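Single-letter residue listing:
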Amino acid sequence: MVSVITSFSRITILSFVLIFTAIDIFQMFEYKMSDSLNSILSTIQAVIVVVFLINGSVVLFISKNNVTIIGLLFLELMLFTGIVVALYKTATPISRALINNVLLFMSFGFLMLERLKLNTAVKQLGFTIASLIITLMAILIIKNVKHVSEHIYFYAGIGIVSLLLVSILGRVEYGARTSFAIMGIRIQPSEFVKLSFIFFIAAAICTYRDYRGFAIATIGSMLHVIVLVFSKDLGSALIFLGTYAFLIFIAYKNYIVMTLEFVLATIGGILAFKLFPHIQTRFIAWSDPLSVIDDKGYQISQSLFAIGTPGWLGTGLNNGMPNKIPIVTNDFIFAAIAEEMGNVVAVCLIIMFMCTVFILLMIAHETANNFYMLVVSGIGIIFAIQTILNIGGVIKFIPSTGVTLPFVSNGGSSMLSMMICLFIAECSGELANKNTRGTYER
Amino acid sequence: MKDKSKHKIIRKEIYIIAAFFALIFIAMIGYLINFVNKRSKEFIYNEYNSRFSVFADDVTRGNIYASDGTVIASTSKNEERKEYRVYPDGSLFCHAVGYVGKGMAGLEADYSFDLLKSNIPLEEQINNSLTGQKSPGDNLYTTLNYNVQKAAYDGLGSYDGAVIAIEPDTGKIIAMVSKPDYDPNNIAEEWEELTDESNKKSSLVNRATLGAYPPGSTFKIITSVAYLRFNGGSEEYSFNCRGSYKIGNYTIHCSGHKSHGKEDLKKAFSNSCNSAFANIGTTIDKKQFRETADSFLFNQELPTMLKSTRKSVFKVDQSSSDQQAGQTAIGQGETSVSPLHMCMIVSAIANNGTLMKPYLADRIESTKGEVISKTTPSAYGQLLSTDEVAKLQDYMSSVVSEGTAKKVDFGDLEVYGKTGTAEYTTNKNLTHSWFVGYSTDASGKKLAVAVIMESAGSGSKFAAPLAADVLKAYYE
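Protein chains in written order, with my numbering: chain A, 1 to 442; chain B, 1 to 476.
There's no promise every hint is true.
[As the list claims (entries may be wrong)] With a straight-line cut-off of 27 Å between C-alpha atoms, the simulated DSS-like cross-links for lysine-lysine are:
1) B:K12 x A:K253
2) A:K64 x B:K82
3) A:K296 x B:K134
4) B:K82 x A:K32
5) A:K296 x B:K307
6) A:K64 x B:K134
Treat the hints as calculated values from the structure; they're not laboratory data. Values in this document were obtained by computation on a predicted structure and should not be read as measured data.
The following block holds chain A by itself, in its conformation from the complex:
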């Protein structure tokens, strides 16, 4: 009976995800959609989020025979309601599709964590609830700070100092120094520095709007990146570097600078490869994981076994062996989803992430205020690079760099910073009205 339900749920879950993805794609290409049609589609997506979460939870409840899961489902639905209400209280959200996508990502994360490690899932839900509260406070602060777009050195300062502190005092995990433990809670400062970093670049550009802005942004960015490379946190270093390059491109429209930056980054990459043995081993683990399966290639090999063995439909929730992948709850959660929900769902998930990037960039495109245009662009860029690095690493498209999958992976810091990003993007119009003095108006 249990196996019939899990098997059947593969099909229902797949159907929900397919409809959701189809709406995502449709909304992407249909610019001139009437508001009422748009509203109907978004409502369908919102319903799917709820039904998807309930369907998954019921399957897990039956197969694990643990009532905690129903309790968690209840809290998760409350949380989702809370997020939507909070967004509407802060401002009229710009994109309902963005909210729907984020909530679906969270549902994927919650379900997969409950399936993999119930304790972790309970903690993660706690962190997410706390994240919502902290986010509301953060938004309140941003709203009320005067001249948000002018505190260049403050943003750069807290970013670089936090990264420096963690690189000196932090714990070494999986070869990189990326986290503190404060009162038993592991905090990854680089997640928050992503935010201050975007604010820093946007502020530098908007304050000067000439070569000085470029110079300050460049020097500040390089300092961030150097500290990250020093901490061996290559994933974050790549995210910061990419965000810097793309934001400069948006602001200065300069193709030559853009090309030059890419050339320099490539040379830097080759140098890093030659200089650092740990990059070489990662490269080998990527190019031929089976040759080092006992050691560095173990994780990626297990990830590919998980993705490749069950095929398109997946094993059904709780029927696979995703726990064979080391730290599956953090960096490799995508492989667990592919294994149990199937690769059709996995492909849909990539499409949803792509659509989410588009939505963020579209919001940026429509933002009148230049500072928030750059901030939301930065959020979109970070979201895109992080997703590509994570999923690409899991499926062996690129070498694994150890970054989390936004809104899905386990990790409180990542969840909090992403939640703040969501709120800033959705409420950017309102925030812009409240607290920036258009630099060009002076």
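Take the given structure of chain A and dock chain B to it, following the hints.
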């Protein structure tokens, strides 16, 4: 705030970035689809992947068939609805096809993944999983010919050894037998005995692919080519055999101490004259000897589509003594080969010098008869020139018409071969019996075969008649 829009710094660049990311996302999707569809098949078949055991819950392991559709292996259920594997012909196919039970071996292991995949239509799969029924796994069709396999198996009788037959123009393995054997139906019951350290029989080992035998006189095929290459392609050679040949203090004898008298290369080959070939071994350049052996795939992985084979060993090089070279030239010394390797060499000769990679698995079909994957014959390359092929064919033909295999009844078949009698201990009365060769019928259909019968005696008396039976079974 409308007035601000006039001051927009930029906009178009955001689209460029969106397009850039879209490209990467799409490439990533393509990569994932390609991995799941194609590349994963090879990748996931790994001992570190513990997921296979779970498959059996949803899919009934598919059947394995001989090329004519005879069932070699199938799945049955006992009264408690527990599945088990049935091999209707017992040990007939045991080494080629392997077993499931105590782990897996042979094709059962190599194609386990395919046998446990069901390629019936998706709606039927969904229907089956909803009703709690297992879907039927795909079936594997081998290249093995039931009748030829049976002739080889029966012919080998109670001797230890191996028989392997290959279709030269495709590389299809038509028969593959190794003895001592075991009954895969009872693998669990017999496991203790089969794997007992004190049991020297090693019945689980497939001697056809993994055996390490001294090639004996069958190696004279390679020595002949080495001489032709040393002699600039000319077969000009003359030797007066007095029944033995001295290299320093070491004497090599002809079989039965027979004096063959005056011989050219062809005559020495068909007589399998040890003295003449020992003389050749000491004459030719040792480096070139080594290069010739290496060109015949010694000291390297054999190019096959099989999962496990054994490297053959050839040790002579510039630093070797004349005695070593002389011994090696007649297939003694430290040289060792597998029957598969000898059969590949002969099948290259039969196929005008081109070696086709041997394979056992012809195709995977769904239970609906849809072909899921099919092995396409693939050439490894040219092992020897057409000129060398022509000369060897002449020599190998004379072995059957007037040489050591003259008395063997090959029926109407045109046969090219070489017998071998290989010493494997210091006791010269204990010898392995070899025959390697190929046949063609009037239509030009060819089959290459290699036979080794351990401790049987001379090649012409034991291995050659068995090879004749195997070849004849193929054309019936």
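A quick look at each hint next to the structure:
For a cut-off of 27 Å, the pair hint linking B:K12 to A:K253 stands: about 9 Å separates their Cα positions. With a CA separation close to 26 Å, the supplied pair A:K64 and B:K82 stays within the 27 Å bound. For the suggested pair A:K296 and B:K134, the alpha carbons sit about 37 Å apart, so the restraint of at most 27 Å is broken. For the given pair, B:K82 sits about 61 Å from A:K32 by alpha-carbon distance, which is inconsistent with the 27 Å threshold.
Between A:K296 and B:K307 the alpha-carbon distance is near 25 Å, which keeps this suggested pair within the 27 Å criterion. Among the hinted pairs, A:K64 with B:K134 is consistent with the structure: their alpha-carbon atoms are about 23 Å apart, no more than 27 Å.
Checked against the numbered hints above, the structure breaks hints 3, 4 and satisfies the rest.
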